[in-house]
Every structure is written in structure tokens, then in C-alpha cells.
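Q: One letter stands for each residue in the lines below.
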Amino acid sequence: MGIWNLGIFFFLTLLVFNVGCQRDKAGITVAGSTSVEPFAELLAEEYMRHYPKIHIYTQGGGSTAGIEAVRSGVAQIGMSSRHLSAKEKDLYSVMIAKDAIAIIVHPKNPIKDLPLAIVREVFAGKIKNWKELGGKTGAIILVTREEGSGTREAFQKMVMGKEAIALEALVQDSNGAIRQVVSGDPNALGYISLGLVNEKVKSLNISGVEATSENVIAEKYALVRPFLFLFNGPPAGEAKSFLEFVMSPKSQKLLSREGLVTVLAKSSGG
Amino acid sequence: MEIKEIKERFIEKILLLIAFSSITILALITFFIFGEGLPLIWKIGPKSFLLGERWVPSQGEFGILPMIVGSFWVTFGALLLGIPLGLACAIFLCEWTPPWAGMILRSAIQVLAGIPSVVYGFWGLVVLVPLIRNFLGGPGLSILSGSLILSIMILPTIISISEDSLKALPPNYKAGAFALGATHWQTIWRVLIPAARSGIVASIILGMGRALGETMAMIMILGNAVKMPSSILDSARTLTTNIGIEMGYASGDHRQALFAAGVILFLIIMILNTLAIVLSRRRAG
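Note that the protein sequences, when read in sequence, are chains A and B. Per our numbering, residue 3 is the first one in the first sequence, and the count goes up by one each step. Per our numbering, residue 91 is the first one in the second sequence, and the count goes up by one each step.
The following block holds chain A by itself, in its conformation from the complex (with noise of 0.2 Å):
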């Protein structure tokens, strides 16, 4: 009986094995920003559809972990949906795309326009009720993504600053389920990726500035962010086939139907 449990044991042991150690393909990895990741997921099986021959692995983990992974090698392509800091701007990025973040309510919702001073109040629990701010009386049902997600991150730094956001707020763990919520309760606040905003809910101004593409493009908009890749010198070799990709309209495109705003000079924006 006791082989027997050995030999199963090992069996099992060796299915285990076999399974993490598929990495045989040639291939290039893309590491960094969690926010960047999914759409960098796409555009690599976009692009592994094309050129089977080339394995492009996908893995998040953070921006500063993945200018840290271009910088030592481990990765050649970095992700990073931050501007570089002054002690990173050895390496060489490209901007493939920007993401804006749309503050959202519902369509009869009278509002129209908030400072960014008073979004970040309204979200860290101060200003409670609609009508401190020139609505009708009810009380503000904040909406919020989880934590650890990458518009999460966003706003917090482009919008709370220190401030935390308030724990009441409820917690949907995508875009789509926060318009969802927005787009069936008159009272509801909430923020999504702009290009994700339809007729269903209604973008704030903020600060008098209208929340379209041509807006962040004009860098008009404050909520904007870029989506960057990053290389250890010019681009070469598969990482610059797939930067070219990347960039081709094509592939733009498809971006901006995922909701993020292209940096291609005619844009389409949703």
C-alpha cells in the first residue's frame, strides 16, 4: 500500500511540475502597472494571433516594479501608468495611450459641474446630501472600486490626495458595475474610464471642463493619466515589432473602444 501512495504522490508531483514549466517559446515580457496590464493582455494575444511564433508574457505587479524590471532586465518592456520621475527618465518611454477618469451620476441628476475640491470633500464623507450642493434633497450614495485596483489608485492620487474615501461608499469591482449602480439610483456618485461613459449616466465637469477626449488630449482635463511602456534604451528587436504594434491604428482602436483615449492625432473618443 505505502508504494502505491508514493507513486501516486509522485505522479502527482510531476502533473504539478509539468504545469509551471511551459516557458519553452521565445518571447519577450511585459511587466508593470496592474491598470495597464489587461489592455497589455489584449493587445498580446491581439498580436501572438498574428506572429504565433512569439510568446509575449503579461505580468502586473505595480509601475515602480515595472521600471525596475526594465532597468535590471527582467522584463523588456515596463508598464507604467504614471509619469517617470526625474531619477527615471534614463529609460525610454512611449505614451500608448491615455485614461481619463469620468466623475459619474445619474442622467436626472440636476448637477452638472464640481470643483475637484468639492468631489474629493464628497467622497471622503463630508458633504453628505445633494442638496449642499445645489440638488435635490437625498442623501449622496457614494460608489467605488475595490481596493487595489488600478482606478482606484487614480483617483485617489488625481482626487483624494490624503483624503481617504469614505467607508460607507459602496464597492463594485468593475467599471461596468459601478455604471450599473449609477445608472439606476438618482443619488448615486461614482467614477469610471471616460471612454466607458454612455447615455445611461451623465459626466461631471469638473472645474468648468467638460470631460470629453478632446479635453484630455488639449490637456485640459485634470484626470488624466498616461499609460506608458517603458525599454532600457531605443526599443529593438520583438519589443520594438510589438511597440510598432501597439501603436499602429489598428491596435489604437482598439484601445479606445476599451475605453482609453488614443494619443493617434484623429481620435476617436466614446
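Keep in mind that the hints are not guaranteed to be accurate.
[Claimed, not checked] Simulated crosslink set (SDA-like; lysine to any residue; CA at most 25 Å straight-line):
1) A:159 - B:148
2) A:159 - B:343
3) A:130 - B:143
4) A:164 - B:143
5) A:138 - B:121
6) B:317 - A:123
7) A:204 - B:221
8) A:204 - B:143
9) A:130 - B:212
10) A:138 - B:323
Honestly, the hints are just simulated from the structure, not real lab data.
Fit chain B to the given chain A structure using the hints.
A: For chain B alone, coordinates are given in the frame of chain A:
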């Protein structure tokens, strides 16, 4: 003869291998959950993990009390609605149902059990949540909506196991009660239900386990706020939805804390299952 015996032994070993592999997977999962989760519980202290009221992973605050309380209220609400309804249905199926109605009811209950939880969640989000928001106030995504949906989800478990245990009673219990002049209702209430009590309790505990473990529908309906709920119209977060909603991007301590919440959930479910097994054994014996 020799070959036959070898063949026999071979088949036996193959079956043993299959049986063991499923158990091995269970063992691996258990080891993994505890291995990942326990270090964090020790690191921040079991007390501040279990009784901490703030869950802010980005600032290293891992208190799961709001989630435990959320799980408790949602499950309690589901049982409050599910037990009377389920039990009434089981009794009706056992005692009064004409055969044609029994057939319709039983297949309807099977359908109820077969609906994926995401469908329950979606229905709740689109139909129930706006109703509660419009008529009772609050965000609508609340403990009340969660409990209502869960009570429907646990009905099949409660009904089928309770009905089985009522049916398994010796017929002379009923005959004896009738012979003593008891009415049908008196027989059910005073004789049959007490006799089938352990099976009914087991069904309730299994339903409770189902309610505690439900994730997808609850993510959609509860609103997931990490605040101590103060009324049934408040949003809440359960232990399972906390894992489900945050696992996507969690890393480091945050990821470990989710496994640690899994450890607590694992222990609660183990206790419930053991209870259910002990109680249903007592029925058999």
C-alpha cells in the same frame, strides 16, 4: 486465474488512485489556504484580525469584523425567511400534495436549485434592488435584498432534505397518532416534526452553509461597503464577497489577508458541516 487476479488488483489500484487524487487536491487546497493565511493572522494578531473594525489593505489595516458581522446578518436574514417557507413546503409536499401538484412542485424546486447564482444576482440587482430603494430608501444594495435572494437560494436544500427526513419516518408514528385521536395537523406538529427534527436541523445547517458560501450573487447585490452595517437597509460585505471582490489585484500582505479570511470561513464551514453530519447520523441511529 492468475491473470484475472492481476486484472482485479489493477482495477482496484486505479480506483484507489482516483479516490486519492481527489483527496490530495482537498489536502493541497487546505494546506495552501492555511499556509498563506495563518502567517498574516499571527503577524497582526488573531484578536485585531478578528475584532478589528477597519479593513484598509492599502494602509495595512486588516480587521474582518465588519465582514463577519455582514456574513452573520445576511445568513441570519436568509434563514429567517427560508426556514418557515422551506419547512412549510416540505410538510405540504409530504402530507397534502396531490401527486400532480407534487410533480410540478418538485421539478420547480429542482429548477430553483439549478439556476446559476449569477442569474439570481442579476435578477436581484435589476428587479429587487430598485424596488427596495424606491419603497424603503437607502441604496437598495443592502442586507435586506441579499437576505431575500439568499433565502430563495437555500430553499431547495431545506425543502429536499427536510422532506426526505419526514418521509423516512416509520408509518406507524402517524398511524399511532391518528389512533390516539389526533388531528392531521396535531400529528404533524406534535409527532412528525419532532421525530424528524435532526434531519430538519441538518437541512437548515446545510442551507446555512450554502448561504455563508454564496459569493457571486452577493457581490452583485450587497453593495460591498466595508462598514459595520447598522440597519438592514445598509450595504454590507461578507467574508466570501471580500475575497471575491479584491482578489483580482491583491498582492503581498493584502493577498495573504484574503487567504486569512478564507481560513476563518473554512473553519466556520467545517464546524457547520461537522454539525450537520453528526445530526444526520443521529437520525439514522
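Q: Now look at each hint and say whether the structure bears it out.
A: We went through each hint and held it up to the structure:
1. A:159 - B:148: With Cα atoms ~13 Å apart, residue 159 of chain A and residue 148 of chain B stay inside 25 Å; holds.
2. A:159 - B:343: Roughly 21 Å between the alpha carbons, so the hint for residue 159 of chain A and residue 343 of chain B holds.
3. A:130 - B:143: Holds. Residue 130 of chain A to residue 143 of chain B sits at ~22 Å (cutoff 25 Å).
4. A:164 - B:143: holds, 21 Å
5. A:138 - B:121: violated, 54 Å
6. B:317 - A:123: Roughly 19 Å separates the two Cα atoms, so the pair holds.
7. A:204 - B:221: holds, 23 Å
8. A:204 - B:143: Status violated; Cα separation ~35 Å.
9. A:130 - B:212: violated, 29 Å
10. A:138 - B:323: Satisfied, since the Cα-Cα distance of roughly 21 Å is no more than 25 Å.
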